[in-house]
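Taking the hints into account, I'd like the entire structure generated from these sequences.
Number of protein chains: 4
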Amino acid sequence: MGKRHAENLRRLVPQAVLVAIADASQERARQVATELEIESYYGSLEAMLENKRIDAVLIATPDKFHAQGIQVAAQSGKDILCEKPLALNLADAHKALRAVSKAGTRLQIGFMRRYDPAYAAAMKRIEAGEIGTPVIFKSVGRDKDQPPLSAYQSMLNGMVFYNNTIHDFDLARWLMRDEVTSVHAFTTTAIRPEVAEYGDVVASVVNLKYERGAIGNVESYVQAVYGYDVRTEVVGSNGSIFVGSLEKIPAVFLTAGGSQCALADHFLTRFADAYLEEVRDFVNNILDGRAPRVSGEDGLKALAIAVAAEESHRELKPVEVTEEPANPASKTTAR
Amino acid sequence: MGKRHAENLRRLVPQAVLVAIADASQERARQVATELEIESYYGSLEAMLENKRIDAVLIATPDKFHAQGIQVAAQSGKDILCEKPLALNLADAHKALRAVSKAGTRLQIGFMRRYDPAYAAAMKRIEAGEIGTPVIFKSVGRDKDQPPLSAYQSMLNGMVFYNNTIHDFDLARWLMRDEVTSVHAFTTTAIRPEVAEYGDVVASVVNLKYERGAIGNVESYVQAVYGYDVRTEVVGSNGSIFVGSLEKIPAVFLTAGGSQCALADHFLTRFADAYLEEVRDFVNNILDGRAPRVSGEDGLKALAIAVAAEESHRELKPVEVTEEPANPASKTTAR
Amino acid sequence: MGKRHAENLRRLVPQAVLVAIADASQERARQVATELEIESYYGSLEAMLENKRIDAVLIATPDKFHAQGIQVAAQSGKDILCEKPLALNLADAHKALRAVSKAGTRLQIGFMRRYDPAYAAAMKRIEAGEIGTPVIFKSVGRDKDQPPLSAYQSMLNGMVFYNNTIHDFDLARWLMRDEVTSVHAFTTTAIRPEVAEYGDVVASVVNLKYERGAIGNVESYVQAVYGYDVRTEVVGSNGSIFVGSLEKIPAVFLTAGGSQCALADHFLTRFADAYLEEVRDFVNNILDGRAPRVSGEDGLKALAIAVAAEESHRELKPVEVTEEPANPASKTTAR
Amino acid sequence: MGKRHAENLRRLVPQAVLVAIADASQERARQVATELEIESYYGSLEAMLENKRIDAVLIATPDKFHAQGIQVAAQSGKDILCEKPLALNLADAHKALRAVSKAGTRLQIGFMRRYDPAYAAAMKRIEAGEIGTPVIFKSVGRDKDQPPLSAYQSMLNGMVFYNNTIHDFDLARWLMRDEVTSVHAFTTTAIRPEVAEYGDVVASVVNLKYERGAIGNVESYVQAVYGYDVRTEVVGSNGSIFVGSLEKIPAVFLTAGGSQCALADHFLTRFADAYLEEVRDFVNNILDGRAPRVSGEDGLKALAIAVAAEESHRELKPVEVTEEPANPASKTTAR
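Residue numbers (my numbering), protein chains in the order written: chain A, -15 to 319; chain B, -15 to 319; chain C, -15 to 319; chain D, -15 to 319.
Possibly wrong hints are sitting among the right ones.
A pair holds if it fits inside one copy or across any two, identical chains being indistinguishable in the list.
To be verified - Keeping only pairs whose Cα atoms sit at most 35 Å apart, straight-line, the calculated DSBU-like set for lysine-lysine is:
no.: 1; residue 1: K86; residue 2: K301
no.: 2; residue 1: K301; residue 2: K(-13)
no.: 3; residue 1: K108; residue 2: K36
no.: 4; residue 1: K128; residue 2: K36
no.: 5; residue 1: K128; residue 2: K301
no.: 6; residue 1: K301; residue 2: K36
no.: 7; residue 1: K128; residue 2: K86
no.: 8; residue 1: K108; residue 2: K48
no.: 9; residue 1: K128; residue 2: K48
Keep in mind the hints are simulated off the structure, nothing from the lab. Since we're looking at a predicted model, the values are computed, not measured.
Below you can see the structure in the form of structure tokens.
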């Protein structure tokens, strides 16, 4: 992911100069720097932040280092574009936001789907009132290839709610222009029980309840062998908007066995434009002194939904969404 | 609905003779009998059951009379095809089933979607193992035109769970070849609050948990102004099957405003073939002395899911699915 | 085809009484009469026409008997619905039309696609001016299963232009509301050369030129193994209308190999509604004393296009469309 | 177009160095050079060719300057990627090819659709024999916005056959792996008669006949107000492959008026990937000393089809395809 961002910045966002790249493996940083003709490379974020030419940083580390990275970068006075999620728990999220606030720098969270042309067009029509009052939010996120078990062992990223579903949780807020107040999750590890040991799941359905009365459901599935499949629908009192397409290329093959299409297989293909637009928008806003379009607050609120979904999954009950870091007590009855 | 069944039987199922028709309004019964050239008509089911020429009856009354109708018809020794739902509560359902069992007659419940060519083809592929182990069940049922308030006042039919969603609850069992063990429902009346007075909802999302570990979600919406929209997906370990199409006619209109298609608007259009196949299959099985394909037990099990969904909606918690009639105690923690 | 019409008339057009059925094989006529509970059956059209109870006849014989059948039926004073084509040559067509005209009876030609809901909706929008001035007419007609060689040997039906493509030639006039003035055909027998012996082709592309300047192309193919595939497009100055769908059932199968749909396989499936509406409309117009909606003149004009297409195929040059029966001279340069 | 190629080369093809840019307007060349940080700029191709650092040139001038540009560049010993068409007549085409041949340089013609992922996938399956023997080739090319009359007046580019349809003529050869031997064209200017003065047309249908017996049809339309619409189908003895999609973004809007999608509007959007892949492939082949994938011969053969189509349009008869420059005699009867 970091490499893709670097390529976009280096080649397609001429208004920014990609000064340096850092990676826990300094050798890998060096290779990418060479390939992309970037002047400096470093073995750590901290080392890179010493570089006086840097005004802003893009953080695309494993999830568990996001919050700490934001803190360090903010303390160095940099503006920040950080991949989702903001953090893996609410306490860390608050720490990161406080650091940004104290430093007076700017933070954008990488909810790149907001920049996808299809989602953006959908939002425009929702804002124009074309579907009336939103009533139901639906989203499906399916990855093609299940993560290897080693990924669960290292746990550099959070469980599916924090890493994948959080995109849908952000869309759930953004497209509905409303806040989720409680959630209920059913999950399964039936076809891969070993995942349960690491506290993760293979598939989940999360019911949502909104402040203004609307409802929703988000499904996630990490091993849809047939393709990378993202679909979202906002159903309103006057119509509905459906975003999603499985087609990889616009070609249909007709044989005696039926019609057949090739399907999308990876998020970097489906959302290539979105990633580029995201970085462009961040750079433009920073250069023009404007606030980023997807704020740290947005990162916090999506995280709060993920945290509640995980609790519902663990506790087998509906859970209220709160931005307060967990304390062992209450919070058990959601309405 | 009764008229459609009568037309199908009279015109397209020559192996059955449609002897008589009954309606609470004897005048309406007379009109339909005249139009369809049916020899006898009656003002009540009871009166019609005196007719010695009748071997089997098809019940398509308002929902609240289903269970009682089944009892009476069974006591007269008739085989029965009854529209869904079997009953509006589990106690009535058991009474109806006991009457059928005691009389030794046969009962089929009108889950006509099982006869739809698309659902039937999906089931065939699932049974052939083409998608591997089912992991997630998803279904959407949206009606085009909201019921008038008078429909809620008379309450001849049950709330949306019993009347619409029950089709999806049946598919949830049939296509997954597994039983639903617990449910969680979020519902909304936000865009039509007056419906809440009658205990009904405008939209709902119901999470499902299955015996063998799979999960699911069923959405219902009673006023999707854009069309009649039914979609179902079974996601498995090796692939997924999606049933559903909005297109009313295969014509696309391309103008500077974009492409445009006419959408389906009514279940009698979408499922015309299914209703006919259902009646044909019932008649053939009865004539050949075979058990009906969709049993009273199927009616009971789908009803049990609806009852649990209603309780979850009322009690704001997950509810275990049980075929036992409600008793005021326990049953509050679902897993 | 005759059987399908008989079923429709007997079961779904109650305003008509299907009095009798005739077939060159009296035994087959008897069987169908028994199965459909029709009172009389005959071994020839002539014998049937003696029956005084008959007001109108539907002719669905092999193509080569159409014109003669129309003459005989007209001479008996019957109204007639005759399958397409009107005749296999213009001389016979004129004889048939003269007989109808002399007898003062009414004749409808079986261009059933005009009754298909999708084509009918397209026509309505064209008439409403929604696509502006029609500029290009395109049509594709592909049959799934190639005819057996015996069909060519018996030659009961004409070559593909008269039997299949004639539907497109009728649409070419009807949807464009203009007349075709000249045609150019390229044809092929490359993948089945034995067909050439019988003067027929496996595939053809026919360019069309219209009176008011528009242009068009019609493609036919008799062995599209993948399905029965009919598509038509009318391209106008303000938009375009596309009719056609390959999907047999609204179900999509998603596997690692891609998405897959079952395709339509037969015209009786694709156009089931159209055949029924056609017969209904004919019966209603006859009963109400109105002229049929698809006239003998329409039959003649579509035939004239087919005749010109065949000549273009034989003579390897563009050919002007004329309703005059062929005479050995001229007619060679089309503009 | 030249600018797009420059952007692709500068930003996304790091293995090439974009040394200089030339434009008839030196000021425009300067602007682009500044914007894209290109070291040199020139007011003519000839001036630019003096630059010793240049190994290869990409020509994207108006069509009428292509052949002359190729000659000049070849004489300077450069490898060349030239936009289609190779020339506007066969005499110029041969002159350009002779110059390249004499200079021993390499020439690629810009049939970028061969690099489109959908067309490339289609070709792969055709080559794998998945559709059996190709029988029919169909292609549709529709532009959204009609050219202004000034474009016809300046006539920097050829008529539609040379500028748009030539893409389809190239696909007609490439995908069918066969040569077109004769063509027949019907054209229209009915909705914009003033175009006829300049020898151009608004729409055309061109029938094709192939060496091995297959047939085809290519339609072009320059003012399809609804969108940029390119579709191609290769129909074979065992199946068919259809390439084409109108959808601009994967979003469907469902309202009481029906479903609605935004349509593609420009070839630079639809074929963005193809243009990039084309340039990449050219650069890689040149660097590795391989022959270009789309040769000057390919340019000549597609041009020959366009020339024949224009003659058929003018002479109102089928025309044989020949690579020989026109001589006033013969060539009138195509088979």
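State whether the alpha carbon distance between K128 and K86 is at most 35 Å within one copy, between copies, both, or neither. Neither. Shortest intra-copy (41 Å) and inter-copy (53 Å) distances fail the 35 Å Cα cut-off.
For K128 and K48, with the copy left unspecified, which applies at a CA distance of at most 35 Å: within, between, both, or neither? within (23 Å within a copy, 46 Å between copies)
Could you place K128 and K301 in one of the four classes (within, between, both, neither) given a Cα distance threshold of 35 Å? Both: 29 Å inside a chain and 33 Å across chains, each within 35 Å.
Please work out whether the CA atoms of K86 and K301 approach to 35 Å or closer within one copy, between two copies, in both situations, or in neither? So K86 and K301 fail the 35 Å test inside a copy (37 Å) and across (41 Å) alike.
Evaluate K108 and K48 at a C-alpha cut-off of 35 Å and name the case that applies: within, between, both or neither. within (34 Å within a copy, 43 Å between copies)
First find the shortest C-alpha distance between K128 and K36 inside one copy, then the shortest across copies, and answer within, between, both or neither for a cut-off of 35 Å. Neither. Shortest intra-copy (42 Å) and inter-copy (50 Å) distances fail the 35 Å Cα cut-off.
First find the shortest C-alpha distance between K301 and K36 inside one copy, then the shortest across copies, and answer within, between, both or neither for a cut-off of 35 Å. neither (51 Å within a copy, 56 Å between copies)
Using 35 Å as the alpha-carbon threshold, which applies to K301 and K(-13): within, between, both, or neither? neither (40 Å within a copy, 45 Å between copies)
Intra- versus inter-subunit Cα pairing at 35 Å for K108 with K36: neither (40 Å within a copy, 52 Å between copies)
Of the hints listed earlier, those the structure fails to meet are numbers 1, 2, 3, 4, 6, 7, in rising order.
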